[in-house]
Amino acid sequence: MLPLDNLMALLFVRMIRLRVLCFGISLFFFGQATVSAQNSNPGVRLSTRQFLSPEGNPYLEVQVEFIANGMHWLMSRDSLVRAAAQWTVVAYDSTGAVAGFSKATARTGHIPDASDFVDIARIPLQPGPHVLELEVEDLSLPESTLLYHEAVVHIDVPAPLDISDLFLVQAVAPAQDPPTNLTRSGKEILPLVDQRISEEAEFIPFYCELYGTEKEFGQGSPFLLVAGFREPGGDWVESTRRYIRKKGGAVLPVLESVPVPPSGLYELVLEVQSPAQVLLMARSLFVEVVGTADQNAAVAAGTLSPFVLAYQSKDSLYAALESLLPIADAGERRTIEYTLSAADLQPMQAFLDQFWTVRSPEDPGGAWREYRREVAIADAEYGSCPSRDGHETDMGWILLRYGRPNTIVQRHNGTQYYPYEIWHYHKAGQFNNRRFLFYTPQVVGECFELLHSDHPQELRNADWLDILRTRELGHSVSETSINQLGRRDTYSREEPEDLFFNPR
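Per numbering that gives the first Met the number 0, the sequence shown starts with residue 0, numbered consecutively.
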């Protein structure tokens, strides 16, 4: 195995050449960037990673890669090109209040050929769920369409012994003076925003940080790290496993490399173990290793993206397609149901590829991975219903379809009404100012059902207030003049009605 310092030096020199000539040939599988591509709106890849400050406070690192053929490139007299983008990230907490903000300009400088480029923002955030809104403007093309993107992230409560999120590394160089947004632990570390690597790569570097090891083991006391790739079933790929000795400290940067396994979908895993090899903490990152044959076949066929080729079993494709139902339109839902019932591998792969290529032609694999993270959030938050995953519940469907609501009213412990929640969206799909009312007729439990919405494409129930009551309140829903047009009796004093039409 190459020593890490030698590997980093070789990697950095090689990556400088690759980023100038054809980004992604050696380690990474992307399309070649060309100066002539002039799209109407910029394209980006987005990743979010959670770290802790030296004071122990969480912050979110937003890593954005601007795709070369989605940018407008200006050419100078010496035939060098340059591009620039202004990008803004706003983080909202669960109440809809602004919790964090970043605005920056990313510039390439003058380079021989167009290539993808990366920028980073770091936003301090409190633990809990947040909605990120990203806005990107191509500064070289003032008439270009702004790119808007929304993602849901959850900031974890720091643990006494903790590991930051992992990320793959494109290149490493000595730190600059003054430091840049890529500076970490005395080095310039360029992240790989996409989580795909080529099978041709011998090693892949990664970075993370360890917190609290001086309290767990003692300052300067030894402990063990185990790093490598695991199969989807949980077994180590033995040829990739490495054992790394460390000594306790408040914040320990980890910049290591592991061998690349054969093509497939894996978890890159880092474990913290005691000197007696007892597992104490672990963190993982899904990584797709793309084989050369698969790359060439997909390109030649012109149909399958590399991320689709990781799914070679009917069971995994069944779960993947089933998770798309909340965001699929009516025709796509019928196609999914037909494809699922037919259970044939190739139609499943073709549909998954087409579904995300239509929605995100620049990076269908990145869009799919981001959606999978949101499905995982829905499963975690709404997975208490019997015989259903969280993304299959009504709350999970609405969350995946429209994102995080701007406000949520929760009334779980009243005596006059079934437990209910009202979600209010400033914008839900094509419609502004829409509301969703969920309730649980079981009274006890967290399995909420959608009872009523004023969204034209969702369930509308004229008798929702009557149904919500657990005892007779003396008048019917018709007497409050609630109906499907949403008109309201201004003399009604029932709390659910007031909260529905006047979101807090």
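Keep in mind that the hints were calculated from the coordinates and are not lab data.
By construction, the Cβ of each residue, glycine as well, lies at the ideal position given by its N, Cα and C atoms.
Please note: incorrect hints may appear among the correct ones.
Label-pair restraints from in silico Cβ distances [as the list claims (entries may be wrong)]: (1) Val97 with Ala200: 36 to 44 Å; (2) Pro252 with Leu458: 46 to 54 Å; (3) Ser184 with Glu336: 47 to 55 Å; (4) Glu321 with Thr104: 15 to 23 Å.
In silico lysine-lysine, DSBU-like type, Cα no more than 35 Å apart, as pairs [as the list claims (entries may be wrong)]: (5) Lys214 with Lys186; (6) Lys245 with Lys214; (7) Lys245 with Lys313; (8) Lys186 with Lys246; (9) Lys313 with Lys102; (10) Lys246 with Lys214; (11) Lys186 with Lys102.
Hint check results:
no. : hint                           : result
1   : Val97 with Ala200: 36 to 44 Å  : 41 Å, holds
2   : Pro252 with Leu458: 46 to 54 Å : 51 Å, holds
3   : Ser184 with Glu336: 47 to 55 Å : 51 Å, holds
4   : Glu321 with Thr104: 15 to 23 Å : 42 Å, violated
5   : Lys214 with Lys186             : 26 Å, holds
6   : Lys245 with Lys214             : 14 Å, holds
7   : Lys245 with Lys313             : 42 Å, violated
8   : Lys186 with Lys246             : 20 Å, holds
9   : Lys313 with Lys102             : 44 Å, violated
10  : Lys246 with Lys214             : 11 Å, holds
11  : Lys186 with Lys102             : 24 Å, holds
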